[in-house]
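Participant: Residues per chain are reported as follows:
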Amino acid sequence: GAGVSQSPSNKVTEKGKDVELRCDPISGHTALYWYRQSLGQGLEFLIYFQGNSAPDKSGLPSDRFSAERTGGSVSTLTIQRTQQEDSAVYLCASSLDSGANYGYTFGSGTRLTVV
Amino acid sequence: AQTVTQSQPEMSVQEAETVTLSCTYDTSESDYYLFWYKQPPSRQMILVIRQEAYKQQNATENRFSVNFQKAAKSFSLKISDSQLGDAAMYFCAYRTSTSKLTFGTGTRLQVTL
Chain A
469 GAGVSQSPSN KVTEKGKDVE LRCDPISGHT ALYWYRQSLG QGLEFLIYFQ GNSAPDKSGL
529 PSDRFSAERT GGSVSTLTIQ RTQQEDSAVY LCASSLDSGA NYGYTFGSGT RLTVV
Chain B
23 AQTVTQSQPE MSVQEAETVT LSCTYDTSES DYYLFWYKQP PSRQMILVIR QEAYKQQNAT
83 ENRFSVNFQK AAKSFSLKIS DSQLGDAAMY FCAYRTSTSK LTFGTGTRLQ VTL
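Protein chains in written order, with my numbering: chain A, 469 to 583; chain B, 23 to 135.
So that you can see chain A by itself, here it is in the shape it has in the complex (with noise of 0.2 Å):
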């Protein structure tokens, strides 16, 4: 696609449900990072996929969240029992390559809200 193209664009969930937040690329950037911002604060790197491997996951938080991604394209963003404190933007970036001199195309990221 022409961008990149992130959904829901805002999600209110009960505390304790699970919720799946969605990333398309685009076509043929093969490296995808997931970053969350909450309210006021910077953005918080989650995972790295190069591919479809995620060669770093140091930021996930918690084992209640998980990603992946298929086909080198797509990626789900999954939090499980949701807490209030997952409340933030998760926003979703893609690059050609890993290397640094691919800059990163940014989605316009998903409110998630935690009733």
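FYI, nobody ran anything at the bench for these hints, they're computed from the structure.
Each hint should be verified, as a subset may be incorrect.
Unchecked claim - Just so you have them, the derived chain A footprint on chain B, three or more residues with Cβ under 8 Å:
(1) 99-109
(2) 124-135
Unchecked claim - Here are the simulated DMTMM-like cross-link-like pairs (lysine to aspartate or glutamate), alpha carbons at most 25 Å apart as the crow flies:
(3) A:Lys485 x A:Asp531
(4) A:Lys483 x A:Glu512
(5) B:Lys77 x B:Glu39
(6) B:Lys92 x B:Asp48
(7) B:Lys95 x B:Glu83
(8) A:Lys525 x B:Glu83
(9) B:Lys95 x A:Glu512
(10) A:Lys479 x A:Asp531
(11) A:Lys525 x B:Asp53
(12) B:Lys95 x B:Asp48
(13) B:Lys77 x A:Asp565
(14) B:Lys95 x B:Glu74
(15) A:Lys525 x B:Glu51
(16) A:Lys485 x A:Glu553
(17) B:Lys95 x B:Asp53
Glycine is no exception: its CB is placed at the ideal position from the N, C-alpha and C atoms.
Given chain A's structure and the hints, the job is docking chain B onto it.
Facilitator: Relative to chain A, chain B alone:
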């Protein structure tokens, strides 16, 4: 670990004036890349400007320029002839050739008439 610090949570500038946003970083690497991103209310992060650490010349993009001081580990953004559309959150970011982007906490820029 690399850290990026933006010490100005909020800044304000009058339209057509110039404003400078500050950023410092901490790293033991010699080869790295620095970025400024803009985040308007639409939430999408937009790349404003980037600087390779091995380049001594400061990067410029139209009304946006940087003052890169490698020894001081400082990377400030200057916006000239500020426009209403420049109002946004601005994030400074750092990465090496093998690491992901690390962001500062951002500076909210207001542009007044």
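Participant: If a hint holds in the structure, say so; if it does not, say that too.
Facilitator: How the hints compare with the structure:
1. 99-109: As far as the region 99-109 of chain B goes, the hint is violated, because 0 residues have Cβ atoms under 8 Å from chain A.
2. 124-135: holds (count 5)
3. A:Lys485 x A:Asp531: 15 Å, holds
4. A:Lys483 x A:Glu512: Given that 25 Å is the threshold and the Cα spacing comes to 22 Å, the pair holds.
5. B:Lys77 x B:Glu39: 28 Å, violated
6. B:Lys92 x B:Asp48: 11 Å, holds
7. B:Lys95 x B:Glu83: Satisfied, since the Cα-Cα distance of roughly 21 Å is no more than 25 Å.
8. A:Lys525 x B:Glu83: 34 Å, violated
9. B:Lys95 x A:Glu512: 21 Å, holds
10. A:Lys479 x A:Asp531: Distance ~21 Å between lysine 479 of chain A and aspartate 531 of chain A Cα, so the pair holds.
11. A:Lys525 x B:Asp53: Given that 25 Å is the threshold and the Cα spacing comes to 24 Å, the pair holds.
12. B:Lys95 x B:Asp48: 7 Å, holds
13. B:Lys77 x A:Asp565: 22 Å, holds
14. B:Lys95 x B:Glu74: 13 Å, holds
15. A:Lys525 x B:Glu51: 22 Å, holds
16. A:Lys485 x A:Glu553: Holds: lysine 485 of chain A and glutamate 553 of chain A sit about 13 Å apart, inside 25 Å.
17. B:Lys95 x B:Asp53: 12 Å, holds
Going through the hint list in order, the structure does not satisfy hints 1, 5 and 8.
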